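Asker: First to last, the sequence lines map onto chains A and B. This note's numbering numbers the first residue of the first sequence as 1 and each following residue consecutively. This note's numbering numbers the first residue of the second sequence as 1001 and each following residue consecutively.
No lab work stands behind these hints: they were computed from the structure. Computed from a prediction, not measured in an experiment: that's the story for all the values here. Backbone N, C-alpha and C fix where the C-beta goes; we use that ideal spot for every residue, glycine too. Misleading hints may appear alongside valid ones.
Said to hold, decoys possible - Partial list, derived from the structure: chain A residues whose beta carbon lies under 10 Å from chain B: (1) Glu99; (2) Asp103; (3) Leu125; (4) Gly149; (5) Ala186; (6) Ile191; (7) Asp216; (8) Gly219; (9) Gln220; (10) Ala243; (11) Gly256; (12) Ala277; (13) Val284; (14) Ile299.
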Amino acid sequence: MSTILTHIAIADGKIKRSSLEVLSHCKQLADQGGHSVEAVVVDSNASSFVEGIQKYGASKVYVVEDPIFKNHMNTPLLKALVKVMESANPSVFAFASTESTKDILGALAANQNAAVLPDVSSFELMDGGVKAKRPVMAAKIISNTQAKGDTVLVSVRSGSYDLAENETSAEVVNVDFCMEDSELQAILKEIISASGDTIDLNEAESIVAAGRGVKDEEGQKLISELAQVLNAGIGASRALTEAGIYDPSLQIGQTGKVVSPQLYIAVGISGAIQHVAGMANSKVIVAINKDPDAPIFEISDYGIVGDLYKVLPPFIEELKKIKN
Amino acid sequence: MKFYVCIKMVPDVNAPLQIKDGQLIQDADRQILNAYDASAVEEALVLKEKHGGEVEVVCIGSAKASETIRKALAMGADKATHIVASGDENFDSGSYARILAKFFEDKEYDVLSLGKQAQDTDAGLTGSMVAAMLSLPYTTNAVGLKAQDGKLIVKRQGDTGQEMIELPTPCAVTCSNDMNEPRIPNLKGIMASKRKPMEQVELSSLDLSEDELTASTTVLGYEEKPEREAGKKFEGEADEIAREVAQLLDTEANVI
Chain A
1 MSTILTHIAI ADGKIKRSSL EVLSHCKQLA DQGGHSVEAV VVDSNASSFV EGIQKYGASK
61 VYVVEDPIFK NHMNTPLLKA LVKVMESANP SVFAFASTES TKDILGALAA NQNAAVLPDV
121 SSFELMDGGV KAKRPVMAAK IISNTQAKGD TVLVSVRSGS YDLAENETSA EVVNVDFCME
181 DSELQAILKE IISASGDTID LNEAESIVAA GRGVKDEEGQ KLISELAQVL NAGIGASRAL
241 TEAGIYDPSL QIGQTGKVVS PQLYIAVGIS GAIQHVAGMA NSKVIVAINK DPDAPIFEIS
301 DYGIVGDLYK VLPPFIEELK KIKN
Chain B
1001 MKFYVCIKMV PDVNAPLQIK DGQLIQDADR QILNAYDASA VEEALVLKEK HGGEVEVVCI
1061 GSAKASETIR KALAMGADKA THIVASGDEN FDSGSYARIL AKFFEDKEYD VLSLGKQAQD
1121 TDAGLTGSMV AAMLSLPYTT NAVGLKAQDG KLIVKRQGDT GQEMIELPTP CAVTCSNDMN
1181 EPRIPNLKGI MASKRKPMEQ VELSSLDLSE DELTASTTVL GYEEKPEREA GKKFEGEADE
1241 IAREVAQLLD TEANVI
């Protein structure tokens, strides 16, 4: 029997849904193979999340709590994870593939001499390692990759697995942690922009994404109204984040966020491969574009050929009616 | 500031891809400088133009990679090191990182920079691996760099916002291609690149064991992505089709 360890990421005082998706999958793998599944939460307020984690079947929860984790910096997180790995001795350590994960995954693998499979869309255990599917070449194709080693780190794209509740009474292990300021290699000076009250795109059930067709304030207002009706996150194509119309953290695509919500509404987006690489795994795709030959229609479940300024008002109105 | 920028030659992801018997067939003529690395080169050049210093590129690759290296030199890098490999090796991020860490262990520099990922594998591991191996302060996914009082100020894109991180030098940073538009080499640059020094280092001279070069991950094969089929397309009166699709999202797709 070996241990599958899962990292539970916290953002804005909440457990990231994508980490619970990974934990749900790991619980299933553990049950199938007779392994144990454990979780680790690192946060300035880590212990408050234990209950939420227990619902998803971890038999042990490592809690690393220290004010230093208030600001994300890679050095303290790495130190905490190394410490937990030494206790848990996992054969597999699974993460949700977030920007914070990307910041530390390679360093943790190098530090622990572990094999690592980043940004997978699915994975399973095999003798002596892990087998995974990874979108590569701008997510145009899938590579089947295996990793062998005593420890394999895996990061999983959000939306790859469904949540599955599985209440257990996990043993809680509080891990002593202490770090001097002098050990901090990188200093966080400030967080200069945050999407604040907008919804984290990695976690959103629905996303409304704006592209080049959204030309002015009126267009942006329509995007906001549509997002509000659907309780959706707002995303944007590179053209609009580069133009400074939307915050860079909202960019969806190969360079920006890779998302897989239940519903993705692409408004005025033509569907360049770089954008498609970031959203093609959405469950249902709706495209609104006045060019009937826009490539986005080739991957859309529902394609509306029309001017977004004429289509969105009645669309929003109808959705409001349905919602009520 | 002395910059080392690690660059990689990658297949052009915009070229048509073919899979035959699980293997990826690529057009050998369409190998390009990784776009994220080009941004790292550009940013280093901008800082050099502002504060002085030197930009050297380092590339691990087959003999063919010298074309990619010339591109970076034509952009304006001062010199280059080509760590010559046969091109048939099965390197993964860990192998590349160990080669780079070995190469840099006795070098002096202020900033070691790389693209945040390579366009072919999209792994994004090498930068933080090299940093860990060399015990360098580092950060990833930079969207802006500034040099200030001998330190590197990095604007990085985090999950929900942008963070300003101060790194003492020497440090490592990985760059997003959101930070700039890499310059296109002009004729003068292309001509000048031919006279710039390109040192060749044989991989075997780096004193790495077979074990250190061996990849812990193996690509077993490639497969087509399950195609998304085009669904229904609605054309006509905006009012009508908008209402119809809204209804279908509720009754058919069940996502409202």
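Asker: Given Ile191(A) as an interface hint, is the shortest Cβ-Cβ distance to chain B below 10 Å?
Answerer: Holds. Min distance 5 Å.
Asker: Let me know if the C-beta of Ala277(A) comes in closer than 10 Å to any C-beta of chain B, holds or violated.
Answerer: holds (9 Å)
Asker: Taking 10 Å as the limit, does the beta-carbon of Gly219(A) come near enough to a beta-carbon in chain B?
Answerer: violated (15 Å)
Asker: Please verify that hint: Ile299(A), Cβ, nearest Cβ of chain B, below 10 Å or not.
Answerer: holds (4 Å)
Asker: Would you check whether Val284(A) satisfies its interface hint, that is, whether its CB is within less than 10 Å of any CB in chain B?
Answerer: holds (5 Å)
Asker: Measuring from the C-beta of Gly256(A) to each C-beta in chain B, is the shortest one below 10 Å?
Answerer: Gly256(A) check passes; min Cβ-Cβ to chain B is 8 Å, inside 10 Å.
Asker: Double-check Ala186(A) for me: the hint is only fine if its C-beta lies closer than 10 Å to a C-beta in chain B.
Answerer: holds (5 Å)
Asker: Min Cβ distance, Asp103(A) to chain B: is it shorter than 10 Å?
Answerer: Since chain B brings a Cβ to about 5 Å from Asp103(A), closer than 10 Å, the hint holds.
Asker: Quick one, is the Glu99(A) hint okay against chain B at 10 Å, beta carbons?
Answerer: holds (4 Å)
Asker: Would you settle whether the hint for Ala243(A) is holds or violated, based on the nearest Cβ-Cβ distance to chain B being less than 10 Å?
Answerer: violated (13 Å)
Asker: Taking the least C-beta to C-beta distance, is Gly149(A) closer than 10 Å to chain B?
Answerer: holds (5 Å)
Asker: Answer holds if the nearest beta-carbon of chain B is closer than 10 Å to that of Gln220(A); otherwise answer violated.
Answerer: Cβ of Gln220(A) sits 19 Å from chain B, so the hint is violated.
The structure fails to meet hints 3, 7, 8, 9 and 10 from the earlier list, while all remaining hints are met.
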